[in-house]
Amino acid sequence: MKPIILFLSLIITQVSFAQDYPESLPEFEIFTLDGNTFNQNDIKKETYSYFVYFNPTCGHCKTAFKLLNLKSEQIKNAKVKLYPVSANTEEETNKFFEQYAPNIQSLTNTQILRDDDYKFADAFFVGPFPTSYLYDKDNKLVKVFEGSDEVVLFLNELN
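All letters in the sequence shown, in the order written, are residues 1 to 159 by my numbering.
No lab work stands behind these hints: they were computed from the structure.
Just so you know, not all the hints are guaranteed correct.
Each computed DSS-like pair below joins lysine-lysine, with the alpha-carbon atoms no more than 27 Å apart [unchecked claim]:
no. : residue 1 : residue 2
1   : Lys79     : Lys143
2   : Lys95     : Lys137
3   : Lys140    : Lys95
4   : Lys95     : Lys66
5   : Lys62     : Lys79
6   : Lys143    : Lys66
7   : Lys137    : Lys44
8   : Lys137    : Lys119
9   : Lys137    : Lys71
10  : Lys45     : Lys143
11  : Lys45     : Lys95
12  : Lys71     : Lys44
13  : Lys95     : Lys119
14  : Lys143    : Lys81
Between beta-carbon pairs, the in silico distance windows are [as the list claims (entries may be wrong)]:
no. : residue 1 : residue 2 : range
15  : Glu23     : Glu98     : 17 to 23 Å
16  : Gly59     : Asn139    : 18 to 24 Å
17  : Glu146    : Gln74     : 29 to 35 Å
18  : Leu70     : Glu146    : 15 to 21 Å
It should be emphasised that the depicted structure is a prediction, and the values quoted were computed from it without experimental measurement.
Don't be surprised by glycine CBs; every beta carbon is placed ideally from N, CA and C.
Please take these sequences and the hints and turn them into a complete structure.
In structure tokens form, the structure reads like this:
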């Protein structure tokens, strides 16, 4: 009887920790680094969209963006728009990119965004930092990546 109870406890625990991420791009309104509003209607439909939610003070986020920076040439040539979404101030975000991802910051297919009021985090059910979301040209979820080690794996999902 004890093994059955233990087994059921493990299953219940796994189910309770499972994330239900939005299958379609949800409605949201956040800000560009220069303070303009940015929402789901600003997403270009001719490319994939890759959102990376992070905080500049997060150690795993620093590692993730160092990895992205190393892949900047691949990202530049990919049919994807990269949207790093910062949960911090413009000043902290700019410092972060200067230090950890200067190549990413300068890419024409990158637009850095800020989530001042955590509206993006709420709409996308952000998990651990960093959490990344790849959406296709029709704004349908392709895959979610959690943590710094998975942040560059989106490149394998692009057609």
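Now the hints, each set against the structure:
1. Lys79 - Lys143: With a Cα-Cα distance of about 16 Å, the restraint between Lys79 and Lys143 holds, given a limit of 27 Å.
2. Lys95 - Lys137: Violated, at roughly 31 Å.
3. Lys140 - Lys95: violated (32 Å)
4. Lys95 - Lys66: holds (14 Å)
5. Lys62 - Lys79: Cα-Cα ~24 Å, so holds.
6. Lys143 - Lys66: Given that 27 Å is the threshold and the Cα spacing comes to 21 Å, the pair holds.
7. Lys137 - Lys44: Roughly 8 Å separates the two Cα atoms, so the pair holds.
8. Lys137 - Lys119: holds (23 Å)
9. Lys137 - Lys71: Distance of about 22 Å is within 27 Å: holds.
10. Lys45 - Lys143: holds (17 Å)
11. Lys45 - Lys95: Violated. Lys45 to Lys95 sits at ~30 Å, over the 27 Å cutoff.
12. Lys71 - Lys44: Measuring from Cα to Cα gives roughly 22 Å; hence the hint holds.
13. Lys95 - Lys119: Answer holds: Lys95 to Lys119 is near 23 Å, not above 27 Å.
14. Lys143 - Lys81: Roughly 15 Å between the alpha carbons, so the hint for Lys143 and Lys81 holds.
15. Glu23 - Glu98: 17 to 23 Å: violated (36 Å)
16. Gly59 - Asn139: 18 to 24 Å: violated (31 Å)
17. Glu146 - Gln74: 29 to 35 Å: At roughly 21 Å between Cβ atoms, Gln74 and Glu146 fall outside 29 to 35 Å, so the hint is violated.
18. Leu70 - Glu146: 15 to 21 Å: Once the Cβ atoms are compared, 20 Å apart, the range 15 to 21 Å for Glu146 and Leu70 holds.
Figure legend: structure checked against the earlier numbered hints; hints not met, in rising order: 2, 3, 11, 15, 16 and 17.
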